[in-house]
Amino acid sequence: MNRTRRLGWLLALGTVAALLAQVPAGALPPGSPKVGLVCTPGTVSGSTHSFNLVANAGHIQTPDGNHILMWSYAVAAAADPTDLWPNFQSPGPVLCVKEGETVQIQLHNNLPEPTSIVFPGQDAPVTAIGGSPGLFTNEAAGSNDVTYTFTAAKPGTYLYESGSNVSKQVEMGLYGALIIRPSAGNNLAYGATTPFDPSREFMLLLAEIDPDLHHAVETGGTYDFTKLHNHYFTINGRSFPDTLQDNGSDLLPSQPYGALVRIPAHIVQPALIRMLNAGTDNHPFHPHGNHTREIAQDGRLLLSPGGARASSERFGETIGSGQTKDYLLRWDDQDNFNPISKPFPVAQPNYRNLTFKDGLTWYSGSPYLGYKGTLPTGTTSLNICGEWYFPFHSHALNEFTNFDEPFGGMATLLRVDPQGGCFTFPSSTTILANGGTLRSGTYTYLGLDDSLYYRVNSTTTGTTRTASWYGQFSTIPNGAKNLVVTYKGRNCGTGTATACPATTSKPTTVSIWNWATSAWVTLAGPTPVGTTDVTFGPIAVTGSPTATSWANYIGTGTNRGRVRVRVFTTGTTSFVSGGNLMQLVYDAP
Amino acid sequence: MNPQSDQGTTRRDFLKAAGLGAAGMSLAGGLVSTGFGSRLFAPAARAATTTLALAATDGYITVPGRENDPLYIFGFIPVSPSATVASLISTYKGHAQHTAPTFSFKQWDDVKITLTNLGLVQRPDLTDSHTIHWHGFDMPSPLNDGVPEVSVAVPIAKQLTYFYRPHREGTYMYHCHFEDVEHVQIGMTGIVFVRPLQDGTSIGGFTKFAYNDGDGSTGYHRHFAILLNEIWSNFHDGDRDIQETIGSDYDPQWFTMNGRSYPQTLLPNDSSTLPAGMRIGTPNPNYGDAVDYSQPNSSLVQVNPGDRVLLRLANLGYQQHSMQMPGIPLHVIGQDASLLRDGAVDTSFWTNTLYIGPGEARDVLFEAPAYSDALPHFTHPGRGEYNVYSFKNRDWRRLSNNGAPGAGGMMTEVRVYQTPLPPQNVVSETYV
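So the sequence lines, in the order shown, correspond to chains A and B. Position in the first sequence counted from 1, then plus 3, gives you our numbering. Position in the second sequence counted from 1, then plus 3, gives you our numbering.
Simulated from the structure, these hints should not be mistaken for lab results. Some hints here could point you the wrong way.
Pairs of lysine to any residue residues, derived as SDA-like cross-links and limited to a Cα-Cα distance of at most 20 Å, are as follows [unchecked claim]:
hint	chain 1	residue 1	chain 2	residue 2
1	B	LYS161	A	GLY362
2	B	LYS115	A	ASP338
3	B	LYS115	A	PHE347
4	A	LYS345	B	TRP111
5	B	LYS161	A	THR382
6	B	LYS115	A	GLN337
7	B	LYS115	A	GLY309
8	B	LYS115	A	ASN339
9	B	LYS161	A	GLN337
10	B	LYS161	A	LEU378
11	A	LYS345	B	THR52
12	A	LYS230	B	ARG400
13	A	LYS345	B	ASP141
Isolated chain B, as found in the complex:
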């Protein structure tokens, strides 16, 4: 088996295994909206337990401008829960990816995630442990919160199974919390979201919802998960070269969405079936520069005219970001896994500029406009014409790759297709 071309399951398969697309369950328990946000009381049946696994190790990615000088990272890799530690180490050690896989769970599903620490190839002297911190989760114990100083951490060649029972639907994020000033910046970050129990019922023409809104107001046709980050190469190079880096000197040079900087953000989700030109291959010095495809997550948003689109946004950078989608207004309906509603008061808001600080999450709806030949349009071979809108950082300093001329950084495209695309199967699905 060639580990570089197929890092375990492909991303789409992985998301399907995570329970996405499961048929909706009956809502015999009913929906109650209380002053503390909507809560579901006594659902009819507890859904099955979802069992997943992640491996933590080091690796390399490519940032634009350093194609010949891969950037050192730590990362989480999706792996099989039944694999032994020895086989995980021999298959995946040194092949980290960034960002970590997007997790999708159903409200009230039990979740078990086994984390295996594979160790670091580039730094055999560094015996760091790793953890999983599900950021924002209402925890029933510190044990699974992933903060080493108040619970436990997973050392090299060991495993721990984390347990979660998500009560609150919405968008969250997850990251390693072991020496997190370092481990978060150096790549151990991902998005996780919880689908509401309301999913599968039909309200207002929608069967998929961001929250148990009771009235369909958070219904969507397609959803996309985008994790914002920055990259401060000094920290990454320092870790690679056993040099100390002063965290309070933080000064990033690259700005990413799902681990990629524009124009990488426009490439589709990675797959071994893609032509090389549509993949981000990074020579991995851990293995004699054999190519890893270590940035698998796209941020390209492809939609049909009239689609109601949900953006699940999370920020695990250390900077505040102000995002815009010129030409399309944004309806912020949720934040921090909370429906923007207090009792009967609707606190959702419309905006053209979305602020999101570090550690925060936002659920944003927008309506894809009608296709128009009068607007700039481009041809997607085999799929016809599409209009382009951008989703980008308002701070133009974050639209550059290490200050190089030209567009870069925290920007992606929203493409509205004249000929409708097929329905979406998984979050952030891309169409080649």
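Isolated chain A (complex conformation):
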């Protein structure tokens, strides 16, 4: 069935770079990554790690336009009057501590009934000071405080949640993640046998929402917990496609955690995915495209009786209500298809025979990693540079919905980035004034290291003959980082007898255009280049004005997304500058 999509659907991943990436005050610590696990720092004093939390009411948004009252934990801080939802976030803050630390959590209760925190999986006793004894632990009445203390004895992934009136309060959203890192290092999940890439750490906290119950709490109505009927399904407090927005997205001020899983192909150490189920239902989670390796459950490594690793690979794993499971993910590709040396053994499909659903796609137009192809006019692509997207979602497909709208709910995407970043080739060339004339070839000849050259005749008069031309890369996204330029070319004589008549080598300089200063910045050279190809680079372009900003090299306004790389050669006799390959590699935002 065709469904209309609300506007929020269109504001999905690929255009995030154009949105404000500022972190709302009081929501995420400064410097938090836009994708991946965000830790709440708390305060460390010696071996004590303390957090100041509040329990607050607030609202979250769903992609189909709904607005739901939630109760949740947040970091207690001075309220920011510019923040519409002060001191509220769903789910609760991710608490990251170190094995062996004494964890102290002070909770201030702003809810209309007593609340508390319990720490499932912490075998060491949790002592509570303040509040009054409840069924499971001390709880604080409204406007009061209670402080919990325990030792983070064992590394792993754990939940923390309310221990008061749990049928109501945990359903209303009082839960969060507690991560205990092994003392042996932050790049280990549990210990020496479970290393991972610490820049690729992800949390997927699953939960469900029955909007009728939340509405009853909001309006003071009655409700029957045995009639729980979930219509919204969340990962990190958001439903798909909101799960794809960055951490701290301005669009979702009370839901700070995104759920995009992003890895490069051929990652050296695996990514770590920490899954938690704070809901009432078991959820069968299905990664597309590759197996994940389950290494731990409920904060315990899966080991044989002899202590050897006993992990298992999954393409569908049910995580039970209240459980946590840890997975390693690596992109395994035994084929490495590419258009040059190993194309797919079937012809590429003809768009006459295909549709792009709703005219909106994450597909690049090319099936090969790192390549962008063409798409029919009118199809909006959210793809930046040929990266791949695969869904990760609950396979209880009734949870793959936002109430009645399919392709929503408990889902996110895996994004696989090309190895070494996005790479691109010029989409046009220009010969500069007093830089010679076109001899033969077009920008396409710069796209492959082969026998085809983009060839420019130098000027033919004067003591110094010059060939000066640039290749222009386009659609480089705002926020691209780590620009790397490679140029390969040669200089030939002007005769026509052979493809490259002899000539002496001539100094060649490769430069990049700085839009802010309107000047060419030398990347390499002058280097003598004769009739044999010389490769310049890969040259890392130094960020400007700071080490992490390459914005001055990416055009704006009418030149939006343009990067220019110039090849400048001089000689005492006429010559032909021949460009074989010009490539720009960058990390997409």
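With chain A held as given, fit chain B onto it using these hints.
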């Protein structure tokens, strides 16, 4: 040609064309077991490409209790790869089957599956596309993963050839991923498995194996593929009648194995040679109630005493299922197309209750017990006596057909024959 009585090739012929039964190939490449499960390095020769085709359209099936009110479905039909789109439409449009054919491929065989979207007879207003998602496959590109939003989809009267090069042996499943909340429930589901390169070699008395185990521990004599599903008739009736259905209200009333509810599960694989009483005929309103045989896949397990039997299970329902085979313990040796072994550690396990969640697959071995006259036994005319064990859902709510009294739902029989049956030719072979 009468399309109702012969939906293209018969099921057995189709499976044979899929390369099942091909002679094993030499294993010059050798077997290496690494920490990431067994991987085969550089096999001696790449096997031939298997070319298949599926058509996607709508149709009807019968669920017990609604014999006079056929249930609307979408489904995949096995068709000839060389047929033109026009001939496929004129022959098969409106004649969908459920479940889709079981595919069997050999590890490292290249596979090309051409999907043709025939359109829907009952819903000419509904211009849905279709795709094939090989669930669990390690994909070398999103293009063939079948998710429309991150690749492409096949509109009505168009075709796309999907390409797969299976590196990992084991049991998987496949389904349409276009609006899959709807299309999966409404019937576009099937099982696919990949036979290991080890097949054809002789280890421990076996020549057929679930995995490249290196030691014969996953060897079997007979194998059966069973796909679990549920049926929520509201969704099917809603699609038929152009009514919206809220996916998160999911509440199924029938529970199926290979698209059939007990006692349909006991009927043999459909064939035009069967007497009418052993076939599931559904009057198809798309064609004036002419009878379609649209549920061709049996779940009956017929074995000999002492057989080592492999159950290839997959779950494309939206609910978790807990399966039991009272009287026979189950050895779970594989899951999600992975051998349950981590390096040298054997992580396989024995159980009496097998849990399988949505989107998951399990490879389960069991030993057929000796025949005994002391146990309840029944007569199969022409084949002698057999004992009966049941393979069924532990959740008794799933053993009913829409709440009607009596046994129903997600249950089938394991029949152990006193007089041995002939060797198995194809997966899930049934003997009439």
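Quick check: which numbered hints come out false for this structure? 7, 9
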